[in-house]
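Engineer: Sequence:
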Amino acid sequence: MAIRSRANYFEKGEQKVLDSSITIEEIQKTIKKCPRNKAPGPDGLTFEFYKHFEKETTIILYELFNSPLQNYNEHLGGSIISLIPKTGDLRQIKNYRPISLSNCDEKILTRILASRLQNIIGKLINQSQTGFIKGRSIFDNIHMTNNLLGFGQLDPDKYNGHLILLDQEKAYDRVDWDYMIKCLNAFGLGPKFIQYLKSIYTGATTRVNVNSVLTDKIQINNGLRQGDPLFPLLYNLVIEPLLLGLKKDLTGIQLPGANFNTIAYADDIAIGIKDSDDINIVMKWLDIHCKASNARVNIEKSIAIKVGNPQEISTKFPLVADNENFNYLGIWFNLKVLTPTIPKNSY
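This note's numbering numbers the first residue of the sequence shown as 1 and each following residue consecutively.
Simulated from the structure, these hints should not be mistaken for laboratory data.
Every clue listed holds true.
List time: in silico SDA-like cross-link candidates among lysine to any residue, alpha-carbon distance up to 25 Å:
#	residue 1	residue 2
1	LYS170	ARG97
2	LYS51	PRO40
3	LYS301	GLU169
4	LYS291	ILE220
5	LYS123	HIS143
6	LYS16	LYS198
7	LYS123	SER21
8	LYS198	ASP178
9	LYS134	TYR235
10	LYS33	GLU54
11	LYS192	GLN226
12	LYS182	ASP268
Predicted model only: the values in this text are computed from it and were never measured.
The task is simple: from the sequences and hints, build the whole structure.
Structural biologist: Quick look at the structure:
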C-alpha cells in the first residue's frame, strides 16, 4: 500500500505509546469513567459490577489485557444484537434499530486504546478531516463550505466549479477488516496495538435477541462497532487514503488565500471540483477506495451544487437547483442567502 508516500506515519517512539503494557492506573481511571445503567454484553456483567468490585476486577483485567489475547477472541469478539423499535409498522423489520451489546471488559479495553490513540492520531490524519480529533471542529467544514458558495455568488466567473457532497451507504458497517489492518500497518501503528484489534475483530460473532430468545451465533466479517469509542478513530484511518488521494490529485476551486479541494467530517465528504478532469479523478479514487475497503457510494443520494458559473460538465451526481435548499452536516444552505468571510488558513 502506497500510503507512506503521501501521508505521515508513526515512528517507533509513538508506537511504544500504543504498545506499552496497559497499567493498573489506566484500568482504574477507565472503570471510574464508565457510565451506569447500560445494558451488559453476553456475559451479563455490568459496569456497576466492575465499579462495585473495582479492586478485584482491576487485577483480573490487568492480567487479561497483558496476556496473549488471542486466547480470548471469542469472549472479546462476542456480542448480542437487540432490536429497538422505531416508528411505523412494527411488523416490518426495517422499523427496528439494531443495537449491538458487547461485554463491558471489551469496552474498558477499547476505551483505553482509544484514549492512547486519540492523543497522537492528529499526526496521522491530514487537516481536511475534522471528525473526532482533538482540536478540530465540525464548524470548520461548515465555515469553509459557506465561504466557497459565498465567493461563487460574489464573483461567479472567477470562483466557480461544483461542490460534491458524498453519501456513503452504511459507511461503518461495510468496513473490510483486512483492509483496516493493512491501513493500521501502513500508518505505523504498533504490532501489539494491532493485535488487540485482531483479538476483538477476528472470529467475532453475535447473537440476535428475538423476544428474549437468542439465535445461534452469527459470524461477523466486516464493520466497526458503533458506540465503541475506538470506532471513529479507526474509521478515520480507513478513509484517510481516499482523502489523501483526492487532496493530492484534484485541482479544486481556488479561493482568496485557499484552495477548496477535499474536506471531511468522518464519512461526510465534501469535494470541490473545477472541471471534467476533476470529476474523473473523483470517480477513479472512489472506485479504488470502494474496491479496497468494501465501501459503497450512494450516487442517487449524493448531490452536486453549482459554485458560481461553472463549466457545463456531467458531475455524475444529481444537481441541486439554484433555489433549492440542501443540508450539509445538519445545516441548511441556500445559494441565495450566503455571506462569505476571508479564510485564515488553507483548506
